[in-house]
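*Asks:* Sequence lines, in order, name chains A and B. The first sequence begins at 1 in UniProt numbering and counts up by one. The second sequence begins at 1 in UniProt numbering and counts up by one.
These are calculated hints, taken from the structure and not from any lab test. Keep in mind the model is a prediction, meaning the values are calculated, not measured. Be aware that a few hints might be false.
Taking CB as the label site, the calculated pair distances span [claimed, not checked]:
id, chain 1, residue 1, chain 2, residue 2, range
1, B, Asn314, A, Pro817, 22 to 28 Å
2, A, Leu727, B, Arg124, 36 to 42 Å
3, A, Ile708, B, Tyr40, 42 to 48 Å
4, A, His813, B, Asp292, 27 to 33 Å
5, A, Ile708, B, Lys400, 51 to 57 Å
6, B, Gln429, A, Lys768, 32 to 38 Å
7, B, Val367, A, Arg530, 25 to 31 Å
8, B, Ala403, A, Thr527, 58 to 64 Å
Note that CB positions come from ideal geometry on N, CA and C, so glycine has one too.
Take a look at the letters that make up each chain.
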Amino acid sequence: MVQTDQESRLQQERRCLGRVSLQMPPPHLSNMCPGCLVPCAHPCLVGTPQGAVVSAVSTQQTGVTLHLLLSPSQLGKYISSIHTADRSDPTPTPQSFPASYGPTPGITPAQSLSQRQALGNRLALSLSSRQQLSQPHLGNGDMSVATVPSGRATASLSLRPGADNTSFELSEAALLRDVLFVFQGINGKIIKMSSTADRFLIDPKVGVPQSWRDLLGKLSELGWLHNKIRKFVDSKISDRALGLVGQSFCAALQHELTEYYRLVAVLDAQVQQDQDLGVSVGSGGGLTLRRLVVWSYEPLQRLKTLACLVDSCKGKKGGALASVVHSYMQTGDPSLRSLVKHTLNVVSQPIWEIMEQWIYEGDLEDNYQEYFVASDPTVKEDRLWHDKYSLRKSMIPAFITREQADKILLIGKTINFIRQVCQDRSPLKTKAVVKSGEAEEEGDLFTRDVDGSLQQVIDTAYRETSRILLDILHTKYKFMDHLKAMRRYLLLGQGDFIRHLMDLLEPDLNKPASTLYLHNLTGILETAIRATNAQFDDPDILKRIDVRLLEVSPGDCGWDVFSLDYHVDGPISTVFTPETKIQYLRVFNFLWRAKRMEYTLTEIWKDQMTIHKLLLKTVPELASLLHRCHTLSSEMVHFINQMQYYITFEVLECSWDELWKKVKESPDLDHVIASHQVFLDAIIQHCLLDDESRELLTQLRTIFDLIIKFQSAENTMYKKAEEEMNLRLRFLRRIQENTEKGKWGVTELDEEEENTRMEEFRDKFLSKTTSQLRVISQSYQDMVQNFLLMLNEHSDPSLRFLSFRLDFNGHYHQREPKLNRSLSVSYARTRQRSGKDP
Amino acid sequence: MPREIITLQLGQCGNQIGMEFWKQLCMEHGISPEGILEDYATEGTDRKDVFFYQADDEHYIPRSVLLDLEPRVINTILNSPYANLYNPENIYMSTHGGGAGNNWASGYAQGEKVQEEVFDIIDREADGSDSLEGFVICHSIAGGTGSGMGSYMVEKLNDRFPKKLIQTYSVFPNQDEISDVVVQPYNSLLTLKRLTQNADCVVVLDNTALNRIAVDRLHIQNPSFSQINSLVSTIMSTSTTTLRYPGYMNNDLIGLIASLIPTPRLHFLMTGYTPLTTDQKAASVRKTTVLDVMRRLLQPKNMMVSTDRIRHINHCFISILNIIQGEVDPTQVHKSLQRIRERKLAQFIPWGPASIQVALSRKSPYVQSAHRVSGLMLANHTSISSLFERCLKQYDKLRKREAFLEQFRKENMFKDNLDELDNSREVVQQLVDEYHAATRPDYISWGAQEAAEGRS
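Next comes chain B alone, as it looks inside the complex (with noise of 0.2 Å):
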């Protein structure tokens, strides 16, 4: 089967999101959680093996990779009706177990030492499918195995599969609420780096939004991880959709982003989801069309992503993809389209053409839903870089006292020097320049400059 996708799951936060993932994934395709088909789903049309092979006695196995310092999370998974869904040769526990302490410059270290073993189980997986699509990574930039040593797979990945597609799952940081882990803006800038120079495609899941979207349009008072990541497998499972649903567009990864991203770097995306809710009481009165579920999608309070408002820079839209799944009447989507345009509702860029790309798609017939219609957005939007802003201020203030030091000064990397740090800093910036830069039109001619310099 062609096209499939590897899934990697580093660290506390990626495998916790990735075993949702996975979770919903089985559900939408009817695959039990010991990995067999119900008896209700074998006549589906549904395309299970992008992400999933059949053994030989007919489980269906993940493509999935688990990866992580310390066992307790995966030990949780193992312990979970799921524990036998998964390969269990994929699983990889660091044999000490002591995890990275939150440290990236640690988990990047013993991403380092370990990741032989782990590229066996990489390379034994690439070698299964037909034509590898590339892999998705699920992590969290903050912490240390997720941020560590997930830098240090982006970064080989790049190396060894330069012809495959490295997506990423990246949690961001809570920033309402005051980290335990003091490096966090270290952590986060390093892993900002790779993630700029050797990822393809990053979904931003940005924890303070994924927060806010809990108390204020969820009114769930104090959302624990788990209402969270439900939030998030839902956007995971939903922009795959059009990948284990064919149809005559959108059927690959490569489709679907390519035409969301147009430089190599702009390549950070936003989400959206609506209606949003977390369980099925919630039934809303309204009727759900096309348009609704559009326009909505287009609302700020409905993205995962936090951003704030600057005054001084117009931010706008470079692409949008709208995935759009229920009952929808394909003539809807023009007249969605129209009134959006009409209405001047998105703003886009000034440089190139751009517009809102609808797929539709199908909906799994096995998990029910109180809404007709729901939508997904994947947006490349500018103002991202509000958020990589956040983190450069963040990193300067402690840069500037030097604090939390000690521990990266430990591993190699940082053992004569920070110039890691000062040319991340530097990469950062330059990211944050360029979607700057894409807000204007002169983008267009935009490394004219940086040529200029290349060759003063």
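Okay, chain A solo, but in the shape it has when bound (with noise of 0.2 Å):
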């Protein structure tokens, strides 16, 4: 008979929820749930006279959380642990369980002795027990059944609050009743929600004995919580805007209060059952208030921590939410760390599934921006790399570093960045290569932080895709070539190809800026390029080589407008963008000035070395002069080239090796633009275009200018000369061809002349042009010992290289006593900073 009642009920229950699992006990049902009308939808309670029926939406994964949740050893097991709920929590429960107040309270010191075995073994006792009485048709020694214990072999406890019924009011089955009511948060007939005292109030008219309104009191809590949580799930769970990690934390929520459900169907069904069978409460095995708060303390507890998140985690969405359930597994209960736990599993879910879209995919599918990589769609495909993606740093869960949070972050930008920059759509075997050097598959993804393979996921994902990146870098786009590039042409690297255009454009670039038209100048530049060894560089390279005109301000001639210009597009521009090319174009523009001075020494020199013989030939006066010109070239050439040295070892030599390297080390494309922005900032650092700098830039400028000055000078002198040189060999070609025709060689009239003007020539060319030199020569090394001096106060240290190098053998020290105290000031600086600062 009872089995065949049993029967019925589990048809009954399977037309109710349309779907049971077969490894789930069947709940209690004593009737067919009225309230299912959306079968499996959600949960449904629905009270009737006789007691609470609970219908379920039961998964596999349900029934073993309830085996997790009930069973028998278990409780056995965590019943005698006094804990608190988690003490970080902000909002204080209300109708908080007082710590003394133990929850065993009926276990008398005799059995106190091994209780878990104790209790755990009776309740096993029991349940088998129960399972022959009531449910044979079960699986012997079926663990999972949630139950709870019937009154038999909980005799021998001494619970019962008093040794008989009949001067209470109500009896303890009708406030059972009650209770189970209040356990769903519904009003029962005298234990009544209370919307002032925000609380459940048991109706102070009905005679209740103190005892029993304390135990009521403290079993109403549940009622309260679950209100409160119930509250929040329905409230939510139709919220649109609440994103999928809010939902996520309904549907755990959800979850939890079915399971609770669960537990309120078995209690009912104990109460019926007691009734049923006509066991009066308290007499032997049957549900007791006492025996309630027992068993319902691990669900209050559970109940509790869950109001807690509610309180906690409203008005919070996405990272930020899991973050704040990630902060309550800070808690060293077992039990409530994997009720936890098992929340934020579900809660983080979608950032996981997001997570694995982004690092494996590139694709962002956060309609609600829960997760913490945002993007932004304005941003086009230039600037992809550095604007278009960012941390929401208030998603971050807790659990993700920001160190890993940026990696993250990188991986899959790294991935956008090759679909839609390098237009690369072969397909990464990232995913591969990551579980490939996975040991488990998926498996519990939240543990992943805790055994570290989250970090593993994270480091090898990120290698292999940067890996991928910086391959197609490498061999499509030809990164390294444009670096080179960047250097041959913009830093002046390829010598004998600046030195050919500096010789076609002469000419041009003598004439003020205003007056020279783009299209000649690339016409020169096309020749440069094939003239010189630059010819055999890729041609993609080449034909990115262009002439650009900088702004011209007055006065200006075209050396100091013309600049080279290197063309950058797709990926490779995001290394090199429009703020590094106008550094680059900084950069070039000094080198190209301290490139051109070296080329008007040279003129200078060579024109000294084939007039100085004509004119010493015929005009032996001018030698003194020339001397003067000699050595003060000489000083200008030093000056120039050792500038120039300096340039290359000290400033380009030395920074191109150190970002040489570190871009062949370089582990991502991140790297490598911090590597080559610290090269060009070095670089302008070290070539006094930085603001410090700015008074010896000018100072050096002004040097250029007298060099610029001198070489005018100098032409001017010459023409005088050789002026004067002509006139003396016509008239000694007259002499010699009046001789030969057999004639004095010269009149005296004609020496006379002669004579006067070679006087002349000396005494007014000769002495001013001498006392011009004299003036040029002295501002000169005026303002290389100001630049000496400025260079020797200057707080870069590298800098003193080049006073070094310009003053090897200490010719400037010597004539500037004012240079010898500045230099041991300043070593005693550097010996004071580097002391400071070991």
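The two chains are supplied separately, each in an independent frame; assemble them into the complex guided by the hints.
*Replies:* Written as structure tokens, this is what we have:
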């Protein structure tokens, strides 16, 4: 009879739920669920006069969880452990369980010996007895049965509050039924929700003993907590703006509630059974309020924790929500921790899913802005790397570190860069690589951060994607070649080309800047490329080289505004951004000027070598003047050459060396960009182009200007001297001609004339030019000395290399005592600095 | 291709070292003795066009003119594997083949006679280049053709190409052995005058020092010409490496020598090279660093010019250029310079700023070397004047006795008088004086008295 009863119940249940796992023991349902109109949509609970009817959405998983929740052995294990709710809980739980009130109120000292086993055995015993009694159709020893112990095994417990119940207005059974309603948040007959006190109150008029009132108050806390959670879930479940994480959170709560309902249903069935069997309350194995307190202890803790979560998670979403849940992981209670962990698993599920999409495919399916990577759709491809993706700091879950988040951002960014900017659609094998390196498949996603496998996944994905990107950059886009080209053309590394370009451009560049035409210069550039070793370069690189004219300010000549340019596009422009391009152009301008000085000085030198030989033959009195020119120009040559050597070795070569090393070692594009920036910054700084060196640069420019001035002064002098030379030669020739004709070589008048002219040449021209040269020479030396002084006082120690080079043999030191002093001062300063900061 | 350089090799010595030089260049650029680019060298980024041009059939042909008044050496070249390297039209051998008989005057006179034919060749070469940078002349100053005809060529080149540079690699005779050329002092002196007045840069290759280096440093008992010449070709090729492997600086001859030569007459450069090995077996155990190389380059024993230490004159460096090849960490250069300055390893002129310039150059990938780093120093040092003083001394000895002058008197130049010799002596003496003056701080106003003399 019992058996058929059971079977029919089962059938009813199936009909009601549509889907019931066979592994799950059937809840003790006394009625068909009238509330479950939509099968399986959500669990529903309907109160009936007999008790609560629970219909639950059941899955395999819930069955397992049920086992976790209420398996008697566990219950027995944890029943004695006293704990309070999470200490970090910001919201105090109302009607909190007094800590002093032990969860095992009825256990006598006699039984306290090996409580756990005793209780566990007892429960097992009661279970088996009940199975024999009421559920013989179930497999033997099915430990997953959720049940409450029948009274028989607990008979030895002296749990009964009083000897008899006649003095009470209400029977304990009635109270129990009421409490079960309250458990579901429904007002009972005498225990009702008071909206003013925000708690369940027992009707004070009804006579209930104080001890029971206490117990009831305690028990009704569950109802309050349930209501709180229920309300949250109900209010959020339809909220579309909540986002996936929020919905998962609700689902997790819902799931917990379902489990809770299952318990209530079991309790209800127990009460019902007790009643049916006519077991008087407290007389034997029946349910009592005290027992209920014991049995509800665990759910109470769970609901309390959940309620705390609900409180803390209000208004949060996405990663922030997950962070809050994660913060509740910090509890010593393993059962609560597993609860929170489970919740966290559910909550973070969407985050993991988004992340997986992100790190393997680069897709960002984040409709609710919950993920910690944000994308700006307005950003164009050329700025994709720099600006498109950013971290949403508030959304980084607490279990992901900032470094990990950065790396995750980088991984997806890299994939998107490969796809969109590099136009590479070949499938990425990151996932396979990560999976092959990973022992267990998927598994518990959350545990990843605990055992470090999350880190491993991120690291592997990071290495893999970065490697792919760098491979693409190096092979398909020839990044290194472009870098070298930058050095060769914008940093004048291709010396023969630059030299020839200057040769060809010189006539044009000497004109005022406003008369320059870009197309003429471009043609010259082409010629220079074709005539020098530049022609062997990759045509792709060569076509990127272009001429650019800087803004013309009044008085500029061609030299001032000419600039080479290098066009970049595609992925490469992510490294060579317009900002770095401007830096390159500034460096180019500086190097170009220095190079021009070198060029000018070799011109001067060449003129001296050729013209002086000629001049001295006929105009020997120029010797001293020309010697002066030589020594001055050799001083200038020395200055400019040392300047150039400084630029080559201390600036370009060293920085380049470092850059090359760093780029080769770079694990990802960000490192490449950063080291490139460091390279440029170093050059800018050492080439006196930063703000701090502005005065130095001005001084240097005046020195450059003086060199130009010297050149033009020299040219004027040559013109005049050549005139004189030609006159003298003509005079000599005339003498010769006359002599050949048989006349006197020279008349007195002629000689007189010649002598006066020579006299004039000597007295006027020579002395004037000599003094002019002396002025130039003097001001040049003053300038250089000033420059050296300024270098010594500069804060950048590497600039002292320059000063050291410029005055290698101490020539300027001897002339300028101030230099000695300031050198020692700066030396002391560096010593001080290095002492402070070892 | 801009900035081409035409090489003239004159006389026995000039052709021998010239041949070694071209051999070396071919090796470094991966050009076969026939002038064909080797398969492994097609990817090169070196600049071959400075010294070679490409014929229609892709042959690389040296911009080189071979001149001699006797056919022996050139015939040797033409019988060597490198016979087809040269443009046969660029070879000029005197038809009668008598040579100059180790007589400067004869060489000079014959140079004058054949100048038209020779300048046909040179003009053709010059026209064949886009923007000729200058000429390099290889010769010795002691013999007949190299010194006599060389002198004539230097003068003429200066006339005809006044804006082009003339650099010479001049071999100075060995002072340690008694020469079979008795008129060597006359030849040297007369050549020196032309080198002083008409060349822009003279790289002095002193046979005395080269022999000493071969004996002392390379432990060769009786160094042969070819061993000495391989030293010379190393120097020549290394000194042109910055032209052939362009970098940020020193990419043209003029840039290279402008910084070395402050005033027109002080243009005699000495060289030093390290590490010195003629063959590869002597791979030394020591590790060569930039500092090692730079320090060793400053040691007199590595110099290819033997100079006498003169007490009363404070000889000093006017300028130094170190060309360093190999795997060099650029940061080491600065450290090495600092060390050299701290230890005062080099004495510099007192009248102007001077320092060691360093050029890092690539090494040919096709020539294996046992050394990680090697270096060549081109230095302008005042003590080179002792070489000229030695010349003067020997000349004076001979001149006092009026010895061996008959051969000179046969030629037009000396028919009437020996003024040319006296004049040459004066020029060389002035050169020596100027070098001495350059050791003093007042060199800056040197020539003032000359001007004063001119006025008076």
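*Asks:* Is the hinted range of 22 to 28 Å satisfied by the C-beta distance from B/Asn314 to A/Pro817?
*Replies:* holds, 23 Å
*Asks:* Do the beta carbons of B/Gln429 and A/Lys768 sit within 32 to 38 Å of each other?
*Replies:* Given about 33 Å between the Cβ atoms, the range holds.
*Asks:* Do B/Val367 and A/Arg530 keep their Cβ atoms within the hinted range of 25 to 31 Å?
*Replies:* holds, 29 Å
*Asks:* Holds or violated: 42 to 48 Å for the Cβ distance of A/Ile708 and B/Tyr40?
*Replies:* Given a distance of about 47 Å, which is inside 42 to 48 Å, the answer is holds.
*Asks:* Within 51 to 57 Å or not, the Cβ separation of A/Ile708 and B/Lys400?
*Replies:* Holds: the Cβ-Cβ distance is about 54 Å, inside 51 to 57 Å.
*Asks:* Taking 36 to 42 Å as the stated bounds, is the beta-carbon spacing between A/Leu727 and B/Arg124 within them?
*Replies:* Because 37 Å falls inside the window, the suggested range holds.
*Asks:* The hint says 27 to 33 Å between A/His813 and B/Asp292; measuring C-beta to C-beta, is that right?
*Replies:* Once the Cβ atoms are compared, 28 Å apart, the range 27 to 33 Å for B/Asp292 and A/His813 holds.
*Asks:* If you check the beta carbons of B/Ala403 and A/Thr527, does the distance land in 58 to 64 Å?
*Replies:* With Cβ atoms ~60 Å apart, the hint holds.
Consistency with the previously given hints is maintained throughout, with no hint failing.
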